[in-house]
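Please model the entire structure based on the sequences and the hints provided.
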Amino acid sequence: MKGYTGKILKVDLTEEKPHVRTFDEKYVRKYLGGQGFCVELVYHGVPKGVDAFDPKNVLAMAGGLFDGFPVGTGGKVAFAAKSPATGTLAESIMGGSIGPELKHAGYDALEMVGKAEKPSYIFIDNDTVEVNEADDLWGKDTRQTADALKRRHGWDVKVACIGPAGEKLSKIACIDCDERQAGRAGLGAVMGSKNLKAIVVRGTNDLVPANPKKLLDLALHYQKVYEAAGSFVEDTKYGTGEFLGWVNKERGVFPTRNWQEAVFAEREKIDPYYWATRYVSKNKACFACTKPCGKLFEVKEGKFKGVAVDGVEYETLYALGGACGNPDVESVARANELCDIYGMDTISAGVTVGFAMELMQRGIITEKDVGFRLTWDNASDAVPRMIELMGRREGFGDVLADGVRVAAKKIGKGAERYAIHTKGMEPPAYDVRGMKGHGLAYMTSTRGACHLRAGFYAPELVGKFWKWVGIDRFSPAGKGAMVAQMENFMCVYDSVGLCKFSRGFYLIAKLLEVIEAITGLKFTEDELLKIGERIHNMKGSFNANEGMTRKDWLLPPRITEEPIPDGPSKGHKISVDEMNVMLDDYMKARGWTKDGVPTPEKLKELDIG
Amino acid sequence: MACTIYHDGVVNHADARLQVHRRDVKTDFPSVCTHCVSCGEDCCVLHCPVEAIKKENGMVYVNEDECTACGDCVEVCPFGVMRMEERAFNCDLCGGDPTCVKFCPMKAIVYEEPKPEQYELVKKMLKEEPQ
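Chains as they are written, first to last, in numbering that gives the first Met the number 0: chain F, 0 to 608; chain G, 0 to 130.
Since the hints were made in silico from the structure, they are not lab data. The beta-carbon is built from N, C-alpha and C at its ideal position, and this holds for glycine as well.
If you only want the chain G side, here are some residues facing chain F, beta carbon under 7 angstroms, derived:
hint, residue
1, M0
2, A1
3, I4
4, G8
5, V9
6, V10
7, N11
8, A13
9, K25
10, P104
Below, the structure is given as structure tokens:
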């Protein structure tokens, strides 16, 4: 079996013992790699009802099938565990370089269980696998941790680590590698609960493709395809925020001031079209990326002098910018940097701060509770300050450090009404009141509000994608089946390890020849989508077993009751009726019960045991 | 990756003739050198005890039949250009049409005559301890 190492490494942190097992072609045809492997390991490894911070929770990590091979943007690594934020099976995908490195070390996946007695890190150097003490690293931020480990083991090792937020079990903590983050669903806190500070990998083994010549030709071919694409130019110049102006002006779905508005009046101040030339000193790319959206953002003067961060991404411009009413891009960059070094997800952290700012606007919390003015007009100072407190879990930061759902419960006094989330996860940068199918995707996403499980924002904002044309973003009609199909497609993407910014380049059929060049295995389009469907059903089935059904999926009242006040999407909301129509359609398309439970027949059809 | 796949039919960036050094958010740089002799340092050609390394037309070649894999050349090369597996190897510019150049999406790898100041810059970066 070419293209795979054929091995899964399991490290029991309680026993400090590594164990290697092998898999065969049958396993590959069922789960493909990356997210597929991770979901399989968590689905079969985590007993029912176990708390996310219990040592029995499994944290899985796997490089995608394309990881380590020269396929443009194919270097993504997946993590999965039972999430402390949502209680669901949640995966989080990131770039960086550790996925390919793990495969070069000889493992397609790494399964971590148990809990180390003391702060520890896993060190993998090809066949050598050690659990080492990390007392001296505990408390260090992500940059200090990676730096210390590289000094110790050599500059060529790859490090994925958590910051202080993960150690302190913040439910919005992320895992960091090369300033790239597996941000969502609090998987950094799962690492923290295992006393696991970092995963250090060195891999120097060959990876052998089935057809090297064909693979190189394909790689060079796609290289040219990328370079000719408009998005290559835009991403390279401005990063992922390149369409921020358009989303505001043309579509009116940029959630602002904790989702009270959908157009940010001061958007030009955070639009990379205006700031890129001033702050960006170079492009940054993940391993194997041919379309670098990462930017080194440096502030050279003023009160935020010294800030140097890989960003600022579109989602972060929304969460720490628009959602907090913060028009100061230097302040956004500083807050971004603080999130990165403390190890918190910028989306969840920013939305949580925005939520607290609305509470202060409404008098539910006061300056006395917080210690300073957490107000819209003071956003530039207040946002980074609040983020730092959250990272340290100090003062009011401790209240906010677990995201909006937990914070609202702690605060009470009607704060729940303003907590924007589904399944306990804070939403990304698309106001779904003006894009209804995407609203459905926020509900059906197995890890809570997410723009990437279905990636449905692209079809709705543009109006066409894949096999569909003339998509009406304001209509709920037909969205159920479309979202289900996109979810299957995206599961395949996360399993092959491709970046979703490539989804317009490699539509499902085009993946086939790349997979064949690497593995020698022939798949059909339907077989791949079936694998995607299987992965999604496993996640759905896990969540249903944990007692989560349709009633737990619903959108917050702001989206179902308050129409967008202004802009191109003015007057739109997703009514309860529309929500139900789309959910009914979706369940039907999935072959699940109306309550959102995968049927035994469906599980049997997909060979899920 | 393109490098080893072209030369060896396998993928292994650890064995690539071109290396990317990544240290922190501000510092990452590639290094490639095929003209070791021109840099004026103790070079692999002079150090090879069995004279398996030759320089012709500004290019450094390893005669794989004569190489004993002693590793001396790897030790002396200030750029980490000479590599060792079963035999020493280095960049051969893919015979004059480097695959890495074709592959670089940012056109950051340029195929041209090297300048002395570039050697100095790379040496400085390699030696520099990050802050």
